[in-house]
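4 protein chains.
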Amino acid sequence: MRPVRPEYNYLPEKNPALKKIYRIIYYADTKAGKIFDVILLLLILISTALAMMETVSLINVKYNHIFYEIQFVITILFTLEYALRILSIRNKKAYIFSGMGIIDFLAIAPFYLSLIFPVLHFFVIIRMLRMLRIFRIFNLADYQQDGIFIVKALKESSRKIYIFLLFLVIFIIIIGSCMYVIEDGKNGFSSIPQSIYWAVVTITTVGYGDVSPATAGGKFLSIIVMLCGYSIIAVPTGIVTSQFRKQAKSGISCERCGNEENDKNARFCKICGEKF
Amino acid sequence: MRPVRPEYNYLPEKNPALKKIYRIIYYADTKAGKIFDVILLLLILISTALAMMETVSLINVKYNHIFYEIQFVITILFTLEYALRILSIRNKKAYIFSGMGIIDFLAIAPFYLSLIFPVLHFFVIIRMLRMLRIFRIFNLADYQQDGIFIVKALKESSRKIYIFLLFLVIFIIIIGSCMYVIEDGKNGFSSIPQSIYWAVVTITTVGYGDVSPATAGGKFLSIIVMLCGYSIIAVPTGIVTSQFRKQAKSGISCERCGNEENDKNARFCKICGEKF
Amino acid sequence: MRPVRPEYNYLPEKNPALKKIYRIIYYADTKAGKIFDVILLLLILISTALAMMETVSLINVKYNHIFYEIQFVITILFTLEYALRILSIRNKKAYIFSGMGIIDFLAIAPFYLSLIFPVLHFFVIIRMLRMLRIFRIFNLADYQQDGIFIVKALKESSRKIYIFLLFLVIFIIIIGSCMYVIEDGKNGFSSIPQSIYWAVVTITTVGYGDVSPATAGGKFLSIIVMLCGYSIIAVPTGIVTSQFRKQAKSGISCERCGNEENDKNARFCKICGEKF
Amino acid sequence: MRPVRPEYNYLPEKNPALKKIYRIIYYADTKAGKIFDVILLLLILISTALAMMETVSLINVKYNHIFYEIQFVITILFTLEYALRILSIRNKKAYIFSGMGIIDFLAIAPFYLSLIFPVLHFFVIIRMLRMLRIFRIFNLADYQQDGIFIVKALKESSRKIYIFLLFLVIFIIIIGSCMYVIEDGKNGFSSIPQSIYWAVVTITTVGYGDVSPATAGGKFLSIIVMLCGYSIIAVPTGIVTSQFRKQAKSGISCERCGNEENDKNARFCKICGEKF
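Protein chains in written order, with numbering that gives the first Met the number 0: chain A, 0 to 275; chain B, 0 to 275; chain C, 0 to 275; chain D, 0 to 275.
These are calculated hints, taken from the structure and not from any lab test.
These figures come from a predicted structure and were not determined experimentally.
One should not assume that every hint holds.
Treat identical chains as interchangeable: a pair holds within one or across any two.
Below, in silico cross-link-like pairs of lysine-lysine (BS3-like), each with a Cα-Cα straight-line distance of 30 Å or less [unchecked claim]:
1) Lys91 x Lys61
2) Lys92 x Lys18
3) Lys245 x Lys154
4) Lys245 x Lys151
5) Lys185 x Lys61
6) Lys245 x Lys30
7) Lys91 x Lys30
So here's chain A without its partners, still in its complex pose (with noise of 0.2 Å):
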């Protein structure tokens, strides 16, 4: 996911009406796009928080029309956004296709098919995502870079989170199992799934207590378990802190011999000796 819109190679079209279009909804330098923005940002926020409260029966049977109403206005405002970001832009199948242009996409595409699948009503909740364009629209510079920081260091410690998710899981489904053969099917643990699923709220730490083994055996594996699941919690948290620390002190990158790894402040290649 990138929040960000790749800003190279995306034009306008020609015809200078669309141009005019264009710069209000892609960009927030003038006042009418600024506007528009926060308008949009309303209307997300409004739309989101009546999906929400829809499902509370106790306003909902107050309010259901109501909400109907507003939600059905909401998304057509957010379906001719859409066809105008659409219509305004040169590369249409480049926004079509982004990060971006699929969320807006998701964001009025589950209300039309609730229409036929009533169910799909509850993912309107989607168009959330569309608040990731937060950071534009009030020119927050330095949270995008943060957050692009953040994002960054995730992406470049997603590999050893990867392998050590499948050693967890691994790890995971024989603790369930033998948990199983303990309980002996008793006591929640009815299943090796639901052994499973208690070894994850185990190891997580999240405990909710719905299932708790209960006998001898199982309280001494269980022990066990949760005095491993204490050590090993320190892994992704080693992984991402290192990644994060490395990140912070990476700095300017020489452009003759290519050493990326001089400090900040250096005013000298620590490699080659090249002035910045």
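With chain A's structure known, arrange chains B, C and D on it following the hints.
Using the frame of chain A, we list chains B, C and D on its own:
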């Protein structure tokens, strides 16, 4: 929140009596000042303890009246102190709107307001915050510095944490909505807000267990969410740890070239060679 | 556990037919070898899934016989493969007692033993561990390296973690005993082992809630224990993170002076000046 | 707590018999000394295990008398050992008031006192602490060093952790009070101390679920508190990790200029150029 009093430009009134009072209540370097501070600390502790115990019905039934009277006396003493603090300082505005000045006001206001709005009575507990003065009282300069270190680290990383929380909130709302659809509004997942409450309880690994999935699909999604939460919890830790490490390492800043990353024990700036 | 096959001194039998088989089952660099590995992976997944689903009574009632037959066939295939692995390798002992060799054996043994001791039936799940071969199958060299990185970091920090666990266990036993005395053997704290179970559940922040303090004294001690646990959880994280960071930074080792801490992009040893 | 015996200025009595006894019980470098230590360790383990099992009513009913008798014998042996330890050492005061000396005393005192005050009986478990001698018994020098490393890191960061806990306690009390007001003294939030218990259970992510919010307002505040707690948990981890890293890196200290931060593999002081 700044737990420490900004020393500079805080001056006493010129009147010699007020000057004396100023020295006693703002400083702890005279014997009277120390006694004053210790009494103040005791009053805060007693008052907070009383406010808590008042709510325990077994105790309250018996000592209701005594508690109220003690609280009353302490509040009057605090009010007196507040008045003296304002009177004895030259720049009254600076004190009143400083962090500690506001806390001092909030420590007395709820009690008087509770005579009109009884519900405000419990906010007497705010006077607890006055305990932050503890650093000054015991002259805990080292502790104070470490406190500033922590607060600074949190402030510096706050931007990253806000962004992380924005991502997290969007993730939580989407997970909550999915769970509402999967569990079909049953088993405690009676509405999307309620499901969001479950999602927060799960991802933060609190896991009360008052709402927990009952269907196979719900349990499967829970497992995914918990394993994700396991990796997600690493992010704020990574942010803060990285910041702590950075701060712990940052050392002497060079006056000539502005380099702020010289080792703490360096004798020469590592960028420009300036001798410290 | 070494998820990777130690390449060196693993040689095929001289017989050309066995040499061919060796290449197929031990390597994934021929077409036949790749197909073999993918089929193996599928069989492992199917077998593990079946072993799990067998325990879900609703499913088991219906498909009991089919499940058993599929499992039977897969086990025979695994046995065949195990035999071929032993036959086609020259140093049979090295394979049999290698990490993966033992796992391969454990993947088939429980099934045959379960014909005599039915309880062992569930240990069929151990064949899951064979999935660790996944790294080789998809030629995930980068992933494999990251896996080794994590395992190495845990091994390096294991000594510190053992000591931490020793301290923790002593702390837990003492807290458990105190709690047993305070709660007076009631409210689920029926014995010291039971109270120790509670202490582990609490300090690891799992918090099932099946045992929780009911008296004021017990709640007070719980608060102390939880706040301590909050600080204690930082220790394993600190140990592992520190190790991760250290490993991530460690670079080229100098052949002349043995210095192992040269930067990864260094061209000269920072101790003796040797050129790399 | 110092798990290790401070070697220096610990001298045996001059009497040759006592000198021999001293060597056996204080050191593990003779055969008799090793046997003595292993027996001691076994007695500690047996005694601790018995103290635990005594409280399991099913077991206790049967073996009550035997348990008591074994415990009695072990305590007499420990008393004998304690007497010998005092007798055979020259500086008796130093031993008695050393960490291990106090633990040795506490290992026997509760048993005798329990003849008068039966409740003290359970404190027999304190003798568990004697297990800290395990490092010496098995000559685990590396482990011992790592243990000192961890203890040192915790000590060094203790000041920061205390301040963090002070902030946390103030935060918890205020949150607890707010919750008491919001939930209106119902749903388990029957008093402020009870609500504080809930706040601790929540912020430390233990989450028993014995007290959990039931009103919409309470759930909303809970969500805020949990998300805050998520960021707060990063603080102690950050403190300890940063300290671990700092310690792991600290190396040779220069005798000429006192610089303590030379790399572990440095050959020259990086401040003054002194050769090591």
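Indices of hints not satisfied (ascending): 1 and 6
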